[in-house]
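Enquirer: Protein chains in written order, with my numbering: chain A, 1 to 456; chain B, 1 to 456.
Among these hints, one or two may not hold up.
Said to hold, decoys possible - One side only, chain A facing chain B, incomplete, derived with CB under 7 Å:
#, residue
1, 39
2, 40
3, 50
4, 54
5, 92
6, 96
7, 205
8, 208
9, 219
10, 231
11, 251
12, 290
13, 291
14, 305
15, 317
16, 401
Source of the hints: derived by calculation from the structure; they are not laboratory data.
Note that the Cβ used here is the ideal one computed from N, Cα and C, for glycine as well.
Here is what each chain is made of, one letter per residue.
Protein chains: 2
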Amino acid sequence: MKGMFDFSAVDRYLETHLKESLEEIKVFCAQPSVAAQDLGMAEAARLAGNMLESRDFQVNLYETKGFPVVFGERAGTSPKTLLIYNHYDVQPPDPLELWTSPPFQPEERGGKLYGRGVSDDKGHFVSRLLAIDALLEELGELPCTIKFILEGEEEIGSPHLPGFVEANQDLLSADACIWEFGGVDHRDVPLQYLGLRGICYVELSVETAAMDVHSGLGGSIFPNAAWRLVWALNSLKDSQENIRLPGFYDPVIPPSPRDLQLLSELPPVSQEYQTRYGLKGFLKEYPDKTALRVASVFEPTCTICGLTSGYQGPGSKTVLPARASAKLDFRLVPDQHPQEVLQQLRAHLDREGFADVKIEFLGGGPPARTDPDDPFVKLVLETSRDVYGEKMQLVPLVGGSGPNHAFVHTLNLPVVTAGIGYPGGNAHAPDENIRLDLYLKGAKHIARIIQEFGNS
Amino acid sequence: MKGMFDFSAVDRYLETHLKESLEEIKVFCAQPSVAAQDLGMAEAARLAGNMLESRDFQVNLYETKGFPVVFGERAGTSPKTLLIYNHYDVQPPDPLELWTSPPFQPEERGGKLYGRGVSDDKGHFVSRLLAIDALLEELGELPCTIKFILEGEEEIGSPHLPGFVEANQDLLSADACIWEFGGVDHRDVPLQYLGLRGICYVELSVETAAMDVHSGLGGSIFPNAAWRLVWALNSLKDSQENIRLPGFYDPVIPPSPRDLQLLSELPPVSQEYQTRYGLKGFLKEYPDKTALRVASVFEPTCTICGLTSGYQGPGSKTVLPARASAKLDFRLVPDQHPQEVLQQLRAHLDREGFADVKIEFLGGGPPARTDPDDPFVKLVLETSRDVYGEKMQLVPLVGGSGPNHAFVHTLNLPVVTAGIGYPGGNAHAPDENIRLDLYLKGAKHIARIIQEFGNS
Numbered sequence: 001m002k003g004m005f006d007f008s009a010v011d012r013y014l015e016t017h018l019k020e021s022l023e024e025i026k027v028f029c030a031q032p033s034v035a036a037q038d039l040g041m042a043e044a045a046r047l048a049g050n051m052l053e054s055r056d057f058q059v060n061l062y063e064t065k066g067f068p069v070v071f072g073e074r075a076g077t078s079p080k081t082l083l084i085y086n087h088y089d090v091q092p093p094d095p096l097e098l099w100t101s102p103p104f105q106p107e108e109r110g111g112k113l114y115g116r117g118v119s120d121d122k123g124h125f126v127s128r129l130l131a132i133d134a135l136l137e138e139l140g141e142l143p144c145t146i147k148f149i150l151e152g153e154e155e156i157g158s159p160h161l162p163g164f165v166e167a168n169q170d171l172l173s174a175d176a177c178i179w180e181f182g183g184v185d186h187r188d189v190p191l192q193y194l195g196l197r198g199i200c201y202v203e204l205s206v207e208t209a210a211m212d213v214h215s216g217l218g219g220s221i222f223p224n225a226a227w228r229l230v231w232a233l234n235s236l237k238d239s240q241e242n243i244r245l246p247g248f249y250d251p252v253i254p255p256s257p258r259d260l261q262l263l264s265e266l267p268p269v270s271q272e273y274q275t276r277y278g279l280k281g282f283l284k285e286y287p288d289k290t291a292l293r294v295a296s297v298f299e300p301t302c303t304i305c306g307l308t309s310g311y312q313g314p315g316s317k318t319v320l321p322a323r324a325s326a327k328l329d330f331r332l333v334p335d336q337h338p339q340e341v342l343q344q345l346r347a348h349l350d351r352e353g354f355a356d357v358k359i360e361f362l363g364g365g366p367p368a369r370t371d372p373d374d375p376f377v378k379l380v381l382e383t384s385r386d387v388y389g390e391k392m393q394l395v396p397l398v399g400g401s402g403p404n405h406a407f408v409h410t411l412n413l414p415v416v417t418a419g420i421g422y423p424g425g426n427a428h429a430p431d432e433n434i435r436l437d438l439y440l441k442g443a444k445h446i447a448r449i450i451q452e453f454g455n456s
Numbered sequence: 001m002k003g004m005f006d007f008s009a010v011d012r013y014l015e016t017h018l019k020e021s022l023e024e025i026k027v028f029c030a031q032p033s034v035a036a037q038d039l040g041m042a043e044a045a046r047l048a049g050n051m052l053e054s055r056d057f058q059v060n061l062y063e064t065k066g067f068p069v070v071f072g073e074r075a076g077t078s079p080k081t082l083l084i085y086n087h088y089d090v091q092p093p094d095p096l097e098l099w100t101s102p103p104f105q106p107e108e109r110g111g112k113l114y115g116r117g118v119s120d121d122k123g124h125f126v127s128r129l130l131a132i133d134a135l136l137e138e139l140g141e142l143p144c145t146i147k148f149i150l151e152g153e154e155e156i157g158s159p160h161l162p163g164f165v166e167a168n169q170d171l172l173s174a175d176a177c178i179w180e181f182g183g184v185d186h187r188d189v190p191l192q193y194l195g196l197r198g199i200c201y202v203e204l205s206v207e208t209a210a211m212d213v214h215s216g217l218g219g220s221i222f223p224n225a226a227w228r229l230v231w232a233l234n235s236l237k238d239s240q241e242n243i244r245l246p247g248f249y250d251p252v253i254p255p256s257p258r259d260l261q262l263l264s265e266l267p268p269v270s271q272e273y274q275t276r277y278g279l280k281g282f283l284k285e286y287p288d289k290t291a292l293r294v295a296s297v298f299e300p301t302c303t304i305c306g307l308t309s310g311y312q313g314p315g316s317k318t319v320l321p322a323r324a325s326a327k328l329d330f331r332l333v334p335d336q337h338p339q340e341v342l343q344q345l346r347a348h349l350d351r352e353g354f355a356d357v358k359i360e361f362l363g364g365g366p367p368a369r370t371d372p373d374d375p376f377v378k379l380v381l382e383t384s385r386d387v388y389g390e391k392m393q394l395v396p397l398v399g400g401s402g403p404n405h406a407f408v409h410t411l412n413l414p415v416v417t418a419g420i421g422y423p424g425g426n427a428h429a430p431d432e433n434i435r436l437d438l439y440l441k442g443a444k445h446i447a448r449i450i451q452e453f454g455n456s
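Bound conformation, chain A alone:
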């Protein structure tokens, strides 16, 4: 890497244009775009496209069998190409009553901006546009070609993105990729997330009759959908957290010595988690902070995300439910694969006597990781020091999921994280927010990555 460029003018631009950038986020976030509920998706895709076009990106909206992919490209002065992945869909905002201000009316309070999507992921997208604006203002042109790909199905498991990437490898060809998110931990130390777990999201459902029945009539002789569901779920995981699908753990690769070393360098999080989430404890006793870190990312999971059956209102209703369903996500570690899990799940339920339990696949993808010693990772770490006062810490794998497998294994790109997130951001929860100081830092880091990458 050549000697570092002087970013003082770029930084000044970012600081003086913060307010405009926040206004851009507010407009984007005021447009609901809940993929799970097919709410406002086309409008949000158009907005994202317009935002890129206003920076002279060549923009195309590609239809998929789900929501469109927004693609934008602008050439730069070097032969290098950087691919930036974001998404314009957001999580459902409920429970609405727990929001301090309405989720789709973004509001600044106390140095933060609140609203659904301000962090995950619309704010990340806009912070990158702000960095690009600053570089264009200072340099007149981009130091490398930048390609943006925004999908509209990240929050529902990206069912169509891997196929899109597979079919459009030339369009998406690049030398490196910046992922949708990034940020700091609870100490404000920036982290570099080098891998994501995979996910297999399903809905299990049972129907035992055409209608609900008076529980006094049917309780002893009619099948009860809620009981069928409870027993089926119980068969999936025991109370010691062992997932009981035969073969489920076979492909699991344990963490390497390098992974364990990286995890051991990270700070303890136990107290932080307990305070932040009001936890009454952890699932197990962990011998040390590294063991907790290992468990939190290198173990696959089976999580019940939702349960519904029968009467759920106040007081009592004596009804025997005809229908019951559960939403479940399996988080997968290398080298598990969602299609294998689906097959294991069907076979297991059949074998355990739950052929009546239907499985609907709601999305997923395999896990993937980037080599911690890749040169692009090194560049991103080096550029972080100038912004955060210290170098990003490497996290070999995180608990969340995303369609990085297609970028790592189909496009063969190193994929790095850099962004505006922090642990209090309430992603996927009420009062989602960003801190304005970290927003500026995230934009400064992106500007440095683009500039140094173009000149590397």
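Since the structure of chain A is provided, determine the placement of chain B on it from the hints.
Expert: Just chain B now, kept in the frame of chain A:
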């Protein structure tokens, strides 16, 4: 019993005043009175009181710690007193989308009247008023003293009625009691229900954190309220339907030879149930029709009436729920008791490692039965023949529940059923309805019971 009175003028009155009586039901049912949701209760109690006052009953509304008890009394010419029990509360109307016409806008269609409460129990109450109107018109006065007691908490397990009965034994003293319901089976043969199972209705709930968490973060290390609930429920009953509370079955009295004889005289219901409810099968294979009857009433149950946790909307949301709850009813047979079941439940959950699962008691009462050979039962059976063309068949115990224990064991009354119900009435379900032909028959039977009882 003396020679039967000539009921032709009474019957004519009932037939010519059907329309007015239905209008009275419509007004009563247009007033929602959902005890579980504290909706319209005071208004419904006042309406019931007014309906009795307009027949010159002395009416009092007694406050309880829950909803008021409506009591009305009118003296008759004989020293006999008949106590009639009804309730003015109804089941919640949801799921609303499955109603053909709005639940609280009663509507006649095809010889039926539809609406929440038209059968259970407002229609039953009004049919009795119609019978009284007819007798007063023909006789000028009542042949026996009639006392009405209407409670407002039947659909939530009558938490305050037993205490009210205990404390007001003089007020309620009588020689016999007519229960809130009655009717015919799927062949239109009238049935005499001689006992009710008890019930213990609870809500189980678990809270593992102060807020829902992103499932990617917490899935491997945070407790999940939904999983805790599933495992706790699973510990209560195995998939062979054995309820696992230690001591639960100890007080169960098996059916007597007389019970078995009475059950064996009843028609088969298996095909009827399968067709009516769109069942995909029964819980077990039953050797004969009597075995199914025995299982359906002489076995206690543990029914999940509702499940709720986490995300329940369309599509996927990757959330780890902080809270989960289930509504459960236990149907009890002689001599089980709800307070014993509550103690067994708490002890069982603690022993199985579910001290974190809270139990809220939402109502209940013990089972109770009337002697099939009681003289009042005989009178009710004899009077039925003239209305239905055949004598009521005796059913020693039914699957449903109600506060009959206080009437049978505190007031020491024979308790009989006589009414307007039929199996297609959808009690507790959408499109609750009554058949107008059976409504008239029910009123005719009640008129005969009152007249013959006063003169017995």
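Enquirer: Hint by hint, note whether the structure agrees.
Expert: Status of each hint after checking the structure:
{"no.": "1", "hint": "39", "in the structure": "violated, 10 Å"}
{"no.": "2", "hint": "40", "in the structure": "violated, 14 Å"}
{"no.": "3", "hint": "50", "in the structure": "violated, 26 Å"}
{"no.": "4", "hint": "54", "in the structure": "violated, 31 Å"}
{"no.": "5", "hint": "92", "in the structure": "holds, 6 Å"}
{"no.": "6", "hint": "96", "in the structure": "violated, 12 Å"}
{"no.": "7", "hint": "205", "in the structure": "violated, 12 Å"}
{"no.": "8", "hint": "208", "in the structure": "holds, 6 Å"}
{"no.": "9", "hint": "219", "in the structure": "holds, 3 Å"}
{"no.": "10", "hint": "231", "in the structure": "holds, 5 Å"}
{"no.": "11", "hint": "251", "in the structure": "violated, 17 Å"}
{"no.": "12", "hint": "290", "in the structure": "violated, 13 Å"}
{"no.": "13", "hint": "291", "in the structure": "violated, 10 Å"}
{"no.": "14", "hint": "305", "in the structure": "holds, 5 Å"}
{"no.": "15", "hint": "317", "in the structure": "holds, 6 Å"}
{"no.": "16", "hint": "401", "in the structure": "holds, 6 Å"}
Of the hints listed earlier, those the structure fails to meet are numbers 1, 2, 3, 4, 6, 7, 11, 12, 13, in rising order.
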